[in-house]
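Quick mapping for you: the protein sequence lines, in order, are chains A and B. Under the numbering used here, think of the first position of the first sequence as 4, with each following residue one higher. Under the numbering used here, think of the first position of the second sequence as 2, with each following residue one higher.
Derived by calculation from the structure, the hints in this document are not laboratory data. Mixed in with the good hints there might be a few duds.
[Claimed, not checked] Calculated pairs, DSS-like style, for lysine-lysine (alpha carbon to alpha carbon, straight line, at most 27 Å): (1) B:K238 x B:K200; (2) A:K241 x B:K66; (3) A:K241 x A:K46; (4) B:K200 x A:K241; (5) A:K45 x A:K241.
Given the structure is predicted, the values throughout are model-derived calculations rather than measurements.
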Amino acid sequence: MSTARTTELRTDCCADPDGRITFRLRLPTATRPRLLLVLRPKKGRPEETSLILDLEPCDDRGHVRAVLEPRPVLAEGRWDAYLLRGPDADRERLRPGLRDLRLLVGGDTRGRTSPVTVRVPYTTVDGFLALRTWRRAAHVEAGPLDLADGTMTVSARLHGAELSEDAAVELRPRGGGGTGRVYRVRPAEEGAFSFTVDCADLVGETAGPRIWDAFLRPAADAPPVRIGRLFDDVADRKGVYVYPRVTVGGAAVRPYYTVDNDLAVEVTGTG
Amino acid sequence: MKVSFLIHNAYGIGGTITTTFNLAGALAERHDVEIVSVLRHREHPNLTPHPDVGLRALVDLRREKDHPLHRRPAGVFPSAEYRHHQYSELTDLRIAEYLEGTDADVVVGTRPGLNVHLALQAPQRVARVGQEHLTLDNHPPALRTALRRAYRRLDVLTTVTEADARAYRRKMRLPGVRVEALPNSVPDPVLPAADGSAKVVIAAGRLVPVKRYDLIIEAFAQVVAERPDWQLRIYGKGEEEDRLRARIEALGLWNNVFLMGAATPMEAEWVKGSIGAAASNFEPFGMTIVEAMRCGLPVVSTDCPYGPGEIIRDGEDGRLVPVGDSRAFGAALLDLVRDDELRRRMGEAAVDHARRFAPGPVVAQAERLLEEAVAARSGGRRGIPGRGGMRHALLGQGHAARDLAHAAASGALRTVRGRRR
Numbered sequence: 004m005s006t007a008r009t010t011e012l013r014t015d016c017c018a019d020p021d022g023r024i025t026f027r028l029r030l031p032t033a034t035r036p037r038l039l040l041v042l043r044p045k046k047g048r049p050e051e052t053s054l055i056l057d058l059e060p061c062d063d064r065g066h067v068r069a070v071l072e073p074r075p076v077l078a079e080g081r082w083d084a085y086l087l088r089g090p091d092a093d094r095e096r097l098r099p100g101l102r103d104l105r106l107l108v109g110g111d112t113r114g115r116t117s118p119v120t121v122r123v124p125y126t127t128v129d130g131f132l133a134l135r136t137w138r139r140a141a142h143v144e145a146g147p148l149d150l151a152d153g154t155m156t157v158s159a160r161l162h163g164a165e166l167s168e169d170a171a172v173e174l175r176p177r178g179g180g181g182t183g184r185v186y187r188v189r190p191a192e193e194g195a196f197s198f199t200v201d202c203a204d205l206v207g208e209t210a211g212p213r214i215w216d217a218f219l220r221p222a223a224d225a226p227p228v229r230i231g232r233l234f235d236d237v238a239d240r241k242g243v244y245v246y247p248r249v250t251v252g253g254a255a256v257r258p259y260y261t262v263d264n265d266l267a268v269e270v271t272g273t274g
Numbered sequence: 002m003k004v005s006f007l008i009h010n011a012y013g014i015g016g017t018i019t020t021t022f023n024l025a026g027a028l029a030e031r032h033d034v035e036i037v038s039v040l041r042h043r044e045h046p047n048l049t050p051h052p053d054v055g056l057r058a059l060v061d062l063r064r065e066k067d068h069p070l071h072r073r074p075a076g077v078f079p080s081a082e083y084r085h086h087q088y089s090e091l092t093d094l095r096i097a098e099y100l101e102g103t104d105a106d107v108v109v110g111t112r113p114g115l116n117v118h119l120a121l122q123a124p125q126r127v128a129r130v131g132q133e134h135l136t137l138d139n140h141p142p143a144l145r146t147a148l149r150r151a152y153r154r155l156d157v158l159t160t161v162t163e164a165d166a167r168a169y170r171r172k173m174r175l176p177g178v179r180v181e182a183l184p185n186s187v188p189d190p191v192l193p194a195a196d197g198s199a200k201v202v203i204a205a206g207r208l209v210p211v212k213r214y215d216l217i218i219e220a221f222a223q224v225v226a227e228r229p230d231w232q233l234r235i236y237g238k239g240e241e242e243d244r245l246r247a248r249i250e251a252l253g254l255w256n257n258v259f260l261m262g263a264a265t266p267m268e269a270e271w272v273k274g275s276i277g278a279a280a281s282n283f284e285p286f287g288m289t290i291v292e293a294m295r296c297g298l299p300v301v302s303t304d305c306p307y308g309p310g311e312i313i314r315d316g317e318d319g320r321l322v323p324v325g326d327s328r329a330f331g332a333a334l335l336d337l338v339r340d341d342e343l344r345r346r347m348g349e350a351a352v353d354h355a356r357r358f359a360p361g362p363v364v365a366q367a368e369r370l371l372e373e374a375v376a377a378r379s380g381g382r383r384g385i386p387g388r389g390g391m392r393h394a395l396l397g398q399g400h401a402a403r404d405l406a407h408a409a410a411s412g413a414l415r416t417v418r419g420r421r422r
């Protein structure tokens, strides 16, 4: 746990689709202030990765600014934002001001190359400014998801790898155990494709909830690529992109996005 | 000039609190200003008042909620007022003491029951300004009757729309009371306005039935049928959430309509859209419409009483459609969705027209009203000479008689029901 002081300074930020983030706050009196980004470690582990940016004066009303350029690529995770007022000052955790993410809203229509990287500034549950980052060798961006007649059809696009003729989607039971389900893909242009899952396939004989995580194998011998939805301004998709339940016998099947914005399917009850 | 705002509870959340804090803060640049909160239930207010604005409470519920006088119903605060159950003999007493002892030149009441206190109990030297944030026509008859008696002792009564001001002038005989519309103000946006290119429609507010988000969702089905790349984002929380979610699922709109949860401030969210939507059945003002317009969005709204029609100029900076008509609402949205140039032009007009709700002009009007009321008081006059004459008086009496009859009838009904229990 961090014991850093918190500051009521509100920090505005602005993001562009290349991943460039500009931070801006009002700080009339500091000497050589800097912005500190710290990758949140796993529970019980020490902080190891951080990044420091200089905050430069940007107008005559006491505002300072720092630009996080698209490179270097940041590790995937959640980065907490702090202020360092001076060379020896303790860090102060920053509160968000206006997060201007309008340029992220339209998603991304360009093809991305490897590694696929995404950065979205967001507000933590307890009200602080943080940066959500993804970094993947390849990525499948999910689009519209249709549910009809007990089936789920997903349109998606592969980024950072080539879609070959023997590409297949695999739904794997979370936590290991059991065998995955494999579905053929219908390719379209520029790495886009769709696939259809018969929800009855996912319903087992054992009671209790079961979760299936969705991957694409771009080629028979290629490593699996996670299917998710990362290319817009929504850092936490789980409570916003909510899909209906499909009932199969006594079971309910519901696709959803995980806390990491990856696509999964939850099954409750038995067939 | 010393100004004292009397408010129900400055420590809560809501439009009246925001507006009062904004106005008090702006007036504090040139005047001595305080906010007096009848009730207090927590240490800090949700909004931070301007550093020069004093804030104090008359009844601290954290200590006094079990005070014997707080268990007895209020006698001065009218029983037909919406918040009567939160008032008591203790609030009667504390408000009376506050008014008697105040050194303010003018006291501003911010809801009907407090305006009644002000009208009946403020000393002669103090100018009395009542603010109405709801509307006369939506008040129950018994409340209208109570207000009719008390409000004639005010110097100024402000409403948030011209339509409501007209209703007060027509249906209440208030000789010597200046009745004037004073709209709510919306702070100047910090971010550049939306440029009309985003394929996103935005609505925001508490998720409650009167706001009719169900109608916006239904109307949006028409948009999706023709333009599946457009989305609708609804910001806010409330009791309707589950019903709205079910509606989205029933209409198969889960790829296009999203319940985003609450967002404060909304400014960074408005600029992600290119059209605003509001479908209320009833809207005394329409703060979110002004917010959206100031951020560059043309707004499609129902033409409900009273706010939207005084904010939006139909066909110039937005669209007004009949209340409860989802087909008309969808058609108005589609007109804007189909036409990029129209959307851009109306968005620019929205920014331009909504400037009249900037704090500058609204605060200037409020300041003038307060100063004139204070000057009239100290000169032994009140407000401005009464309007109307005989015809006006008769009309007002007709409305008064109807309200009395309704109030008596519903009183009798209550008695009958009471006996049945």
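Here is how each hint holds up against the structure:
1. B:K238 x B:K200: Judged against 27 Å, a Cα distance of about 23 Å means the pair holds.
2. A:K241 x B:K66: 41 Å, violated
3. A:K241 x A:K46: 22 Å, holds
4. B:K200 x A:K241: 22 Å, holds
5. A:K45 x A:K241: 21 Å, holds
Of the numbered hints given earlier, the model fails hint 2 alone.
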